[in-house]
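Chemist: My request is simple: use the sequences and hints to build the entire structure.
So the protein sequences, as listed, match chains X and B.
Each residue of the first sequence is one higher than the one before, counting from 413 in the numbering used here.
Each residue of the second sequence is one higher than the one before, counting from 90 in the numbering used here.
In short, the hints are calculated from the structure, not lab data.
Small disclaimer: the values here were computed from a predicted structure and weren't measured.
The C-beta atom is built at its ideal place from N, Cα and C for all residues, glycine as well.
Any given hint might turn out to be false.
[Stated by the list, open to error] Some chain B residues flagged as far from chain X (calculated, every beta-carbon gap over 12 Å):
(1) Ile142
(2) Leu158
(3) Pro163
(4) Val173
(5) Gly209
(6) Phe223
(7) Leu227
(8) Lys241
(9) Gly258
(10) Tyr268
(11) Gly280
(12) Trp286
(13) Leu288
(14) Gly290
(15) Val320
(16) Tyr327
[Said to hold, decoys possible] Okay, the calculated beta carbon distance ranges per label pair:
(17) Leu425/X to Gly136/B: 20 to 30 Å
(18) Glu479/X to Ile261/B: 30 to 40 Å
(19) Val571/X to Ser135/B: 39 to 49 Å
(20) Ala301/B to Ser476/X: 47 to 57 Å
(21) Ala301/B to Pro575/X: 38 to 48 Å
(22) Pro575/X to Ala257/B: 49 to 59 Å
(23) Leu446/X to Thr109/B: 37 to 47 Å
(24) Arg256/B to Ala555/X: 31 to 41 Å
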Amino acid sequence: MIDLVGGVPLYVLEFGDELVYFTPYTITLFLLALTFTILVLISRPEKQVDIAFGGDAYRTKEISVSEMRFRRFMAIACGLATMGAMVTGDIFNFTLFTAMVGITNVGIVAAVKSPHVQDAAYQYGLVSLSATIPLFGGAAVYAATTGSLSMIELMKGTVPAVPLIAKGMLMLGVIGEGMAPFYAAKAEMFRAPGAPYVIMCSLSSLLIFLRVVEIVMLG
Amino acid sequence: MAGDPAHAQVLVQDNLDLKTASPVLFVGVVLIAIGIWTAAFYVLVSGGSLLVILGIYMLHKIVEHGFGLSSGSPYGKYGGVRSVISAASEIPLFVSIAVIAVYTRSLDLSAIMQYQQVHGPLLIIAFPAACAMFLVILSKMPFGPFSIVEAKELVSGYKTEHFGIWRAGLEICNGLKTYVLLAVFLGVFIGQLSLPWLLLGMILMIVLLAFACALTPMMSPFDSVTLQMLVTGLMIIYAAAVLLVVHP
Chain X
413 MIDLVGGVPL
423 YVLEFGDELV
433 YFTPYTITLF
443 LLALTFTILV
453 LISRPEKQVD
463 IAFGGDAYRT
473 KEISVSEMRF
483 RRFMAIACGL
493 ATMGAMVTGD
503 IFNFTLFTAM
513 VGITNVGIVA
523 AVKSPHVQDA
533 AYQYGLVSLS
543 ATIPLFGGAA
553 VYAATTGSLS
563 MIELMKGTVP
573 AVPLIAKGML
583 MLGVIGEGMA
593 PFYAAKAEMF
603 RAPGAPYVIM
613 CSLSSLLIFL
623 RVVEIVMLG
Chain B
90 MAGDPAHAQV
100 LVQDNLDLKT
110 ASPVLFVGVV
120 LIAIGIWTAA
130 FYVLVSGGSL
140 LVILGIYMLH
150 KIVEHGFGLS
160 SGSPYGKYGG
170 VRSVISAASE
180 IPLFVSIAVI
190 AVYTRSLDLS
200 AIMQYQQVHG
210 PLLIIAFPAA
220 CAMFLVILSK
230 MPFGPFSIVE
240 AKELVSGYKT
250 EHFGIWRAGL
260 EICNGLKTYV
270 LLAVFLGVFI
280 GQLSLPWLLL
290 GMILMIVLLA
300 FACALTPMMS
310 PFDSVTLQML
320 VTGLMIIYAA
330 AVLLVVHP
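Modeler: In structure tokens, the structure reads:
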């Protein structure tokens, strides 16, 4: 087993069975999620410019305030879920936050009133929905084989070794939930309005992927 | 007049006078770019966790995406979208970390360097992992075969609309990023080096990367991702083999 994957825990906050811990690794990821959530909160969105293919013409699109307002709400919710996933020390909580990231990512893309963009959101929704099975199944196998969902306990090595299948299921679940950037990219190809909301799709997916790399290296 | 504070204010104002941009993000992402690579530099010099540095490397994708999307320009946006699609190039990097972790049983840079003092350079022990890491560094070089994020058909890709002081900030970030990645490569695969040897090693790496960029054509986005995925597949097989041999 590899000790102290993300560095020495600097602070552990316990809420009964639940705990939150900060290592240099989780702090780095948490701060990035916080910074981008603040940016989403205070930034005005970009205004879209489209190129007319086959010519030199450009045109701008009008996007309704209500659509942008909903996407901002979803992006902030996504940022909060991502921050939770970055610092939680409990595997089940991590899976819950990851599932919430998946739901909010669908919301960010699906709010765009364009059939092509909504097709992309629908397909991502199906992938995200399917991914919850290995995601929560992986957490269940963790609990069944080790008797604990605490990452600190896994880090100490005091519990039985985690089977490879549990790690694989957890990873598969996160990959499914974190597929958003590929669908967001697909939606953007059809000119979904982007910054700063679509960035939250990419950021949250990347961050949960980075966190699960740390988690599967524990125990 | 140059050097005059009023003149500097006008310059900043001109650089922010973009009709379609998201202004806070347009500027903020430059500061974030410099911030994350300064953090990576700190982790490097303090011998911290390799996972943190490579996590920052992956977050650079988000920075590129942010650069591209913040301006509202179609060229920037397509550069940003390509940055997300080319995330496939990051997976070989994590496999190479897994191989390093299997050998050294640690992800601390200082511990990895100590391991090499006893067992010899990982460049020899884990040569395929070094190749994978080299490929990842190559994918971040300008005008390289995998530089699809700033291809000519997109003007300058994700950096098209960032000019003046914001482009200067971006280039500072890129310089810092190149230094950190080269130093990490040398530290992880060769070991502890004194400053003159480190600089010599970095110059040799740069020459090698420059020739690789100069002698290979820039691939199309789908060819680039396909090739990187093939390397990923090979690296996963290699990592599994190493795991079975080193820790059966």
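Chemist: Each hint: holds or not?
Modeler: Right, here's what the structure says about each hint:
1. Ile142: 10 Å, violated
2. Leu158: 4 Å, violated
3. Pro163: 5 Å, violated
4. Val173: 4 Å, violated
5. Gly209: 21 Å, holds
6. Phe223: The claim holds: Phe223/B sits with its nearest Cβ about 21 Å from chain X, beyond 12 Å.
7. Leu227: Leu227/B clear of chain X: closest Cβ-Cβ about 21 Å, beyond 12 Å.
8. Lys241: 16 Å, holds
9. Gly258: Given a closest Cβ separation of 16 Å, the condition holds.
10. Tyr268: 19 Å, holds
11. Gly280: Non-interface label stands for Gly280/B: nearest chain X Cβ at 20 Å, farther than 12 Å.
12. Trp286: Per Cβ check, Trp286/B is outside 12 Å of chain X; nearest 28 Å; holds.
13. Leu288: 27 Å, holds
14. Gly290: Gly290/B is indeed farther than 12 Å from all Cβ atoms of chain X, at 26 Å.
15. Val320: Non-interface label stands for Val320/B: nearest chain X Cβ at 18 Å, farther than 12 Å.
16. Tyr327: 18 Å, holds
17. Leu425/X to Gly136/B: 20 to 30 Å: For Gly136/B against Leu425/X, whose Cβ atoms are near 27 Å apart, the range 20 to 30 Å holds.
18. Glu479/X to Ile261/B: 30 to 40 Å: 37 Å, holds
19. Val571/X to Ser135/B: 39 to 49 Å: 31 Å, violated
20. Ala301/B to Ser476/X: 47 to 57 Å: 48 Å, holds
21. Ala301/B to Pro575/X: 38 to 48 Å: 42 Å, holds
22. Pro575/X to Ala257/B: 49 to 59 Å: 52 Å, holds
23. Leu446/X to Thr109/B: 37 to 47 Å: 27 Å Cβ-Cβ, so the 37 to 47 Å window is violated.
24. Arg256/B to Ala555/X: 31 to 41 Å: 51 Å, violated
Hints 1, 2, 3, 4, 19, 23, 24 from the earlier list are contradicted by this structure; the remaining hints agree with it.
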